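Mapping to the numbering used here: the sequence shown position 142 is 142, numbers consecutive.
To be clear, the hints were calculated from the coordinates, so they are not data collected in a lab.
Fair warning: this is a prediction, and the values are worked out from it, not measured in the lab.
Errors might be hidden in some of the hints.
[Said to hold, decoys possible] Heads up, simulated DSSO-like pairs for lysine-lysine below, C-alpha to C-alpha not over 27 angstroms straight-line:
id, residue 1, residue 2
1, K92, K146
2, K146, K90
3, K125, K92
4, K92, K155
5, K155, K125
6, K146, K85
7, K125, K90
8, K146, K82
9, K90, K155
[As the list claims (entries may be wrong)] Ranges between beta-carbon positions, derived for each pair:
id, residue 1, residue 2, range
10, R143, E183, 35 to 41 angstroms
11, D95, K49, 45 to 51 angstroms
12, R52, R165, 37 to 43 angstroms
13, V128, V43, 53 to 59 angstroms
14, E41, S178, 51 to 57 angstroms
15, E61, T37, 32 to 38 angstroms
16, S171, K47, 53 to 59 angstroms
17, E44, R169, 54 to 60 angstroms
18, L64, V39, 32 to 38 angstroms
19, D95, E163, 20 to 26 angstroms
20, M116, N69, 20 to 26 angstroms
21, D95, G156, 20 to 26 angstroms
22, S178, E45, 49 to 55 angstroms
Cβ atoms here follow ideal geometry from the backbone N, Cα and C, with glycine treated the same way.
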Amino acid sequence: MATCLNSRFPVLLAALTLALTAPAFAQTNPGAEKDDTAVAEQVEELKKKVIRLNRDLFILEEDLLFPANTQVAVFLSVDAGKFLKLDAVKLKVDDEIVASHLYTERQVTALERGGMQRLYVGNLKTGVHEMTAFVEGIGPDQRPYKQAASLEFEKGTGTAALEIRVEDRSSNYQPSVSIVEWE
Numbered sequence: 001m002a003t004c005l006n007s008r009f010p011v012l013l014a015a016l017t018l019a020l021t022a023p024a025f026a027q028t029n030p031g032a033e034k035d036d037t038a039v040a041e042q043v044e045e046l047k048k049k050v051i052r053l054n055r056d057l058f059i060l061e062e063d064l065l066f067p068a069n070t071q072v073a074v075f076l077s078v079d080a081g082k083f084l085k086l087d088a089v090k091l092k093v094d095d096e097i098v099a100s101h102l103y104t105e106r107q108v109t110a111l112e113r114g115g116m117q118r119l120y121v122g123n124l125k126t127g128v129h130e131m132t133a134f135v136e137g138i139g140p141d142q143r144p145y146k147q148a149a150s151l152e153f154e155k156g157t158g159t160a161a162l163e164i165r166v167e168d169r170s171s172n173y174q175p176s177v178s179i180v181e182w183e
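Model the full structure from these sequences, guided by the hints.
Next up, the structure:
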């Protein structure tokens, strides 16, 4: 269904644009003096309509691909970043790798300033699932650091939102990785 929608989306958008612009061009009379402002206003109106239709199609596509009753979203946050310089994150759901990301210097800086990354959006059936996050980077004393965190959670009928938190633990000068479910 998603492949069919993705392959037809550009064709539908082009047909919609053509259908909306055809009346504006049909109304012009080659023998009459052109009123540039009226044509410009019509073009602007048509642009607005195309943008609205494009937004509506995007929302429809999102609803078809990720229905609310099966949707799961995973976010990543980094607190402080004194003990871990983030390099990569890999995410597994039910022993299947669903997302991985290598971070640039700018992305790490944004996360350390309080930003949050949407790491994964997908569909899961209702029931019990296990999520595992693998975090890699440079840890204390400039040594390579790897840590994993797992969470077994119950996916209900609504949207599930989870967060992978990378936090500094000043008690032992080590980073901590955890997965929490939003309520």
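How the hints compare with the structure:
Proposed proximity of K92 and K146 is supported: the alpha carbons are some 15 angstroms apart, at most 27 angstroms. Distance hint between K146 and K90 is fulfilled; the C-alpha atoms sit about 11 angstroms from each other, no more than 27 angstroms. Between K125 and K92, the direct Cα distance comes to roughly 16 angstroms. Compliance with the 27 angstroms bound is thereby established for this hinted pair. Between K92 and K155 the CA atoms are separated by roughly 15 angstroms; this keeps the pair inside 27 angstroms, and the hint holds.
Our distance criterion of 27 angstroms between C-alpha atoms is met by K155 and K125, whose separation comes to about 7 angstroms. Note on K146 and K85: the hinted pairing holds, with a Cα-Cα distance of about 11 angstroms set against a maximum of 27 angstroms. Of the supplied pair hints, the one linking K125 and K90 holds, its CA atoms being roughly 21 angstroms apart against a limit of 27 angstroms. The straight-line distance between the Cα atoms of K146 and K82 is roughly 15 angstroms, inside the 27 angstroms bound, and the hint therefore holds.
For the suggested pair K90 and K155, the alpha carbons sit about 21 angstroms apart, so the restraint of at most 27 angstroms is met. For the hinted restraint 35 to 41 angstroms between R143 and E183, the CB-CB distance of approximately 37 angstroms keeps it satisfied. Checked against the hint of 45 to 51 angstroms, the C-beta distance between D95 and K49 comes to roughly 47 angstroms, which is consistent with it. For R52 and R165, the Cβ-Cβ distance of about 38 angstroms falls inside the hinted range of 37 to 43 angstroms, so the restraint holds.
A hinted range of 53 to 59 angstroms for the beta carbons of V128 and V43 is consistent with their spacing of about 55 angstroms. In this structure, E41 and S178 meet the distance hint of 51 to 57 angstroms, their C-beta atoms being roughly 56 angstroms apart. Roughly 36 angstroms separates the CB atoms of E61 and T37, a value that falls within the hinted 32 to 38 angstroms. Under the hint 53 to 59 angstroms, the C-beta atoms of S171 and K47, about 58 angstroms apart, fit the expected range.
Between E44 and R169, the C-beta spacing of about 56 angstroms keeps the proposed range 54 to 60 angstroms intact. Taking the beta carbon of each, L64 and V39 are about 37 angstroms apart, inside 32 to 38 angstroms as hinted. At about 21 angstroms, the CB distance of D95 to E163 agrees with the hint of 20 to 26 angstroms. The given range of 20 to 26 angstroms is respected by M116 and N69, whose C-beta atoms sit roughly 24 angstroms from each other.
One distance hint, 20 to 26 angstroms for the beta-carbon pair D95 and G156, holds here, with the actual separation near 22 angstroms. Look at S178 against E45: about 52 angstroms separates their beta carbons, and that is inside 49 to 55 angstroms.
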